[in-house]
Amino acid sequence: MTPLSDHEMLAQRIHDEESRQAFVNDFRVHLASQVFPGNFPTYYNRVLPQFIKDKGREPETRHEVRRVMTHDPYYSFWSAMQRNSQEMIWDSVIDSVERQLPELIEKSREAGDKGSLTLDPDLEIPKYHVAADIHLQPGAYHSDQIEDDVAAGAMYDWGTYIYSMGGLGTGNNALGQITHGFFQNEFPDAKPKRILDMGCTIGGSITYWAQKMPDAECHGLDVGAPVLRYGHARAEALGAPVHFSQQNAEKTNFEDESFDVVMSHILLHETSRTAIQNVFDESYRLLKPGGVMMHMDLPQAHGQPPLEGFLFEWEIYNNNEHFFAQLRDMDMPELCRKAGFKDENIHPKSAGSFWMEDQTPYADDGFEFPITMAIK
Amino acid sequence: MPNDDQKKIKLPRTAKGKKPQYFADPTVDKLLSMVLTLMGELSVTRDRLDTVERLIENNGLFKVDDIEHYEIPDDVNAVRTERRSAYIARVLKTVQDELDSLQQKGDGKNTELED
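First to last, the sequence lines map onto chains A and B.
Read in order, the letters of the first sequence are residues 11 to 386 in this note's numbering.
Read in order, the letters of the second sequence are residues 194 to 308 in this note's numbering.
Chain A extracted, bound-state conformation (with noise of 0.2 Å):
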């Protein structure tokens, strides 16, 4: 596998725990590009045939899919397969994490102060966070197992890693890096001095931002603390100034119209219908005249053959991403409208690797992130 770079908060692994990280990821590597790609000849060769005998139609939804696709042995056995390998990245880390947790708690705690860290154990952690551990990370993002527990960022650092199968990069921010890019392309004057990310988890994605935009004050929040914990002293340790806070992306204390730029990365399928609305309305208020919001997020539905639709929406049913099935219909633009933004400043944009700073081959998918970009 591809390497990350190692930083000082970053669990160190011996080398069975090593070799079992490999074995995932190339496990993965292989369910991708080998048995994955099955699934297309398994839908046209027998599913849609069988279909289409009993109701003399093709399918018309990604639902009608769904509910055929479920029964077949091959898809049935890839997608009980790729299950486990997500259970498996989770348990490769764990004892990494688990030993050294005392270690990376001190240092967290000894971590320097160029950016802040600034908790609320007062903070009701939303339901849709506690419904489920979110992509099976055991313990989820927010539950500490200890004072001042660092194990969920610790465990998401190496986890996302092996998830991406290397695609985040190995300084592990490819979406800031995508979101920068791009933002530097729409906006190649701008100069924002307050920036905020919501729902940064570990703060990958403004981390990023922080190295390239020195002279902006950079805010990164999150309803999670042993996250927020890790990601402060993460940053620290990469030396970039980041103030972390414990706050809802749908009701934060910070003042109206202080932030030339608030945007989130894959946050918003975490979310509710009513959350997401709430994150653009709080988006809106809390953006200077002028202002940037950019929510980047993944593929909707909209234009999707009911094949690919179904297939892409797996993570939904077996990866704990309960509330992606209500992002994919919904309507970003209207969103924007409801929030405050007037009709001729939204606007539907995407980005992928392409914007990255490190063009190296293993980040260069072709994956294309849409953005709902708006300006206040």
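Keep in mind that the hints were calculated from the coordinates and are not lab data.
There's no promise every hint is true.
Facing chain A, a subset of chain B residues (Cβ under 8 Å, in silico) [said to hold, decoys possible]:
no.: 1; residue: 204
no.: 2; residue: 206
no.: 3; residue: 207
no.: 4; residue: 208
no.: 5; residue: 215
no.: 6; residue: 216
no.: 7; residue: 218
no.: 8; residue: 223
no.: 9; residue: 226
no.: 10; residue: 233
no.: 11; residue: 237
no.: 12; residue: 281
no.: 13; residue: 285
C-beta atoms are modelled at their ideal positions from N, C-alpha and C, and glycine is treated no differently.
Fit chain B to the given chain A structure using the hints.
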């Protein structure tokens, strides 16, 4: 640094949320999990053996034949016993998952939730 007597931390190992059933017989789901874990552990062991063989070759420390006649000291035996126990638990994790899920709060239903 932490005290030596600090209680060893045990992180949760089972994600909250309903696990889908992929096969008509749920036993097949468990068997698949075990087979995949065994694949992983065999791969890990082969990597480790490869490391050992290369170190032997690089350093000329002992003959591979010495391995065949190795007498296991008590402390090594204890370490191996602990490792085998962890290995068995890892391969049988799918069984533990079911028990853990039964003890988690909420049904963790993996469907669209209403606000």
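A quick look at each hint next to the structure:
1. 204: Result: holds, 5 Å to nearest chain A Cβ.
2. 206: Holds - the Cβ of residue 206 of chain B comes within 8 Å of chain A, reaching about 5 Å at its closest.
3. 207: With Cβ-Cβ at 6 Å, under 8 Å, it holds.
4. 208: holds, 4 Å
5. 215: Interface hint status for residue 215 of chain B: holds (4 Å vs cutoff 8 Å).
6. 216: Cβ of residue 216 of chain B sits 7 Å from chain A, so the hint holds.
7. 218: This interface hint is violated because 12 Å lies over the 8 Å limit.
8. 223: violated, 11 Å
9. 226: holds, 5 Å
10. 233: Holds, because the Cβ-Cβ distance from residue 233 of chain B to chain A comes to roughly 5 Å (cut-off 8 Å).
11. 237: At about 4 Å, which falls below the 8 Å cut-off, the nearest Cβ of chain A leaves the hint on residue 237 of chain B intact, so it holds.
12. 281: Interface hint status for residue 281 of chain B: violated (14 Å vs cutoff 8 Å).
13. 285: violated, 12 Å
In this structure, the hints that do not hold are numbers 7, 8, 12, 13, in rising order.
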